[in-house]
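Participant: Input sequences plus hints: build the corresponding full structure.
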Amino acid sequence: MQDGLEARLQSVPRPRARRVVGLVDTDSFAKWGAHLLATAPPDWALELRTVATPRSASPDQLRSAFRGLDDRLAHLHREPPVPKDVDAVVEELRQDPPDAVLVSLIGPVAELVIDEVHRRIPDRPVLVSGLPGISFPAKWKGIFFRARADLFVLHSHREVRAYEEMAREGGVDPHFALATLPFARATARAAAGASTSAAVRDAVVFAAQPSVPQERAERALVVEWLVATARRHPECRVVIKTRASAGEHQTHREDHPYPDLVPADAPSNLVVESGPMAEHLDRAVALVTVSSTAVLEAAARGVPALTLTDFGTGRHLINEVFVASGLEGDAVDLVDGRFGVVRPSWMRDNYFHPPSDDDWQHRLEELMARRDVGALLDRAPARRSRGGVLRRAWERKNALGGADRSLLGVLALAIGAPIRAVKRTARRVWALVDPPEPVVVAAPTSQRAAVTVSGSASGSGASGSGSTASRPERPGGGGSRLQAGAAAGSERLGDRQEQLVPGRDAG
Numbered sequence: 005m006q007d008g009l010e011a012r013l014q015s016v017p018r019p020r021a022r023r024v025v026g027l028v029d030t031d032s033f034a035k036w037g038a039h040l041l042a043t044a045p046p047d048w049a050l051e052l053r054t055v056a057t058p059r060s061a062s063p064d065q066l067r068s069a070f071r072g073l074d075d076r077l078a079h080l081h082r083e084p085p086v087p088k089d090v091d092a093v094v095e096e097l098r099q100d101p102p103d104a105v106l107v108s109l110i111g112p113v114a115e116l117v118i119d120e121v122h123r124r125i126p127d128r129p130v131l132v133s134g135l136p137g138i139s140f141p142a143k144w145k146g147i148f149f150r151a152r153a154d155l156f157v158l159h160s161h162r163e164v165r166a167y168e169e170m171a172r173e174g175g176v177d178p179h180f181a182l183a184t185l186p187f188a189r190a191t192a193r194a195a196a197g198a199s200t201s202a203a204v205r206d207a208v209v210f211a212a213q214p215s216v217p218q219e220r221a222e223r224a225l226v227v228e229w230l231v232a233t234a235r236r237h238p239e240c241r242v243v244i245k246t247r248a249s250a251g252e253h254q255t256h257r258e259d260h261p262y263p264d265l266v267p268a269d270a271p272s273n274l275v276v277e278s279g280p281m282a283e284h285l286d287r288a289v290a291l292v293t294v295s296s297t298a299v300l301e302a303a304a305r306g307v308p309a310l311t312l313t314d315f316g317t318g319r320h321l322i323n324e325v326f327v328a329s330g331l332e333g334d335a336v337d338l339v340d341g342r343f344g345v346v347r348p349s350w351m352r353d354n355y356f357h358p359p360s361d362d363d364w365q366h367r368l369e370e371l372m373a374r375r376d377v378g379a380l381l382d383r384a385p386a387r388r389s390r391g392g393v394l395r396r397a398w399e400r401k402n403a404l405g406g407a408d409r410s411l412l413g414v415l416a417l418a419i420g421a422p423i424r425a426v427k428r429t430a431r432r433v434w435a436l437v438d439p440p441e442p443v444v445v446a447a448p449t450s451q452r453a454a455v456t457v458s459g460s461a462s463g464s465g466a467s468g469s470g471s472t473a474s475r476p477e478r479p480g481g482g483g484s485r486l487q488a489g490a491a492a493g494s495e496r497l498g499d500r501q502e503q504l505v506p507g508r509d510a511g
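Residue numbering for the sequence shown follows my numbering, starting at 5 and increasing by one per position.
In short, the hints are calculated from the structure, not lab data. From the three backbone atoms N, C-alpha and C, an ideal C-beta is built for every residue, glycine too. Be careful, since some hints might not be right.
[Stated by the list, open to error] Listed next, with one range per pair, are the computed distances between beta-carbon atoms: (1) ALA425 - LYS88: 45 to 55 angstroms; (2) VAL433 - HIS366: 49 to 59 angstroms; (3) VAL426 - GLU222: 46 to 56 angstroms; (4) HIS161 - ALA446: 43 to 53 angstroms; (5) ASP438 - ASP269: 40 to 50 angstroms.
Facilitator: Put into structure tokens, the structure is as follows:
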């Protein structure tokens with residue numbers, strides 16, 4: 005039987021151009037989906053559509069997300085697609101099925117769209133999905149919502165191993181493929197842009213995240229450290245780079261926006277800005293974050309970086325992956341202007357593998373060939389019982405919120421909301437009776453452990469005895485100033501020139 009299938013696959017001539025449609029909704033999924041599509045083979049015809057959901061990105065967010073795409077998608081930066089509701093999008097796919105659909109949507113919406121395509125399109129396209137940015141440690145919800153997709157794209161060998169193990173434990177057949185994270189690609193174009201689009205490099209960029217850290221007190225501490233950095237280095241701009249302006253939605257909920265925490269007496273060189281991360285990196289002498297994917301984008305460009313570990317290292321901070329990367333540090337490192345570079349020993353297993361290791365395009369091509377001969381198999385959902393029409397209506401309402409105006413959705417909400425409230429209360433009560441395992445948080449790590457006797461930073465990120473630095477002190481006493489000298493092709497640090505480690509090309 006297998007031999008017959010292989011013969012059929014070989015006998016079908018490949019179309020002149022594959023047609024692949026991308027579906028996006030939130031800011032991070034829009035950026036990831038569009039840039040992953042842009043890495044597809046040049047003879048593939050690409051389209052992209054925005055799905056209307058409660059967290060759909062605004063036009064400005066989409067323009068930012070679509071910056072730097074290839075010629076097939078470059079027009080999206082100027083004219084982002086207007087969001088369409090799920091039914092309209094699926095109907096368009098039914099009337100003119102493409103070869104494949106990239107489902108770059110937030111979890112519940114991804115599950116809904118994948119299910120609708122399975123139910124409503126007889127000659128359905130291949131369904132590809134995935135997660136934007138850093139996805140380690142593995143997340144069961146990511147697998148659960150996308151179990152019926154034919155292919156699930158991840159971005160490091162380490163992620164693939166972790167997700168395969170978790171999928172098997174959960175009874176889901178692994179279906180993971182490897183693609184270099186689009187933002188971790190070091191390209192000649194990016195290097196050229198960095199040298200021509202900005203007159204100077206004068207910015208320390210903080211890549212903000214909506215939910216890491218989550219507590220207001222911790223986020224206020226981060227702002228304090230950035231204020232201290234701006235005061236210590238008045239010749240630099242310290243940029244709090246946000247992912248959304250007031251009123252815009254994000255993939256993850258942000259309860260305590262950083263702009264609201266900036267004190268009235270903050271120095272004038274501390275600024276809050278949004279816009280494409282690539283434009284900020286064009287001017288950056290360094291990047292700092294807790295665990296944003298932007299740190300990989302910086303490393304790919306050779307921009308020194310720092311992942312703050314003052315709150316520890318743990319799953320909830322999404323920073324376990326950076327252990328032994330050479331980028332770990334704390335607030336004292338930040339205020340002193342001490343940043344790191346990626347360790348070569350960390351790179352291959354974590355986002356900087358050789359392009360030859362990528363297999364997502366080859367795997368997708370095989371799946372499209374199977375579809376050509378009617379041999380594309382449907383995968384089983386991870387959700388074992390859907391509960392019929394009313395259950396599907398509840399899941400749809402839960403995914404789309406106000407974007408679902410169906411009467412059945414209103415009925416499902418009226419029935420389901422009280423049940424969900426009772427379940428949540430029961431879980432809270434049970435947690436008091438049988439407390440969950442405590443969150444494991446490792447100790448903070450500093451760059452100072454990697455400083456040689458002469459005072460130069462090696463950027464190795466080895467574990468040290470760094471304090472939690474709730475009030476950054478000034479090790480060594482001096483008041484060094486971080487300076488940028490892009491016009492001369494180098495960075496200067498005054499009397500501590502060695503502390504800002506020059507980045508190396510991580511690509």
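Participant: Each of the hints needs a verdict: does it hold here or not?
Facilitator: Hints and how they fare:
{"no.": "1", "hint": "ALA425 - LYS88: 45 to 55 angstroms", "in the structure": "violated, 32 angstroms"}
{"no.": "2", "hint": "VAL433 - HIS366: 49 to 59 angstroms", "in the structure": "holds, 51 angstroms"}
{"no.": "3", "hint": "VAL426 - GLU222: 46 to 56 angstroms", "in the structure": "violated, 32 angstroms"}
{"no.": "4", "hint": "HIS161 - ALA446: 43 to 53 angstroms", "in the structure": "violated, 23 angstroms"}
{"no.": "5", "hint": "ASP438 - ASP269: 40 to 50 angstroms", "in the structure": "holds, 48 angstroms"}
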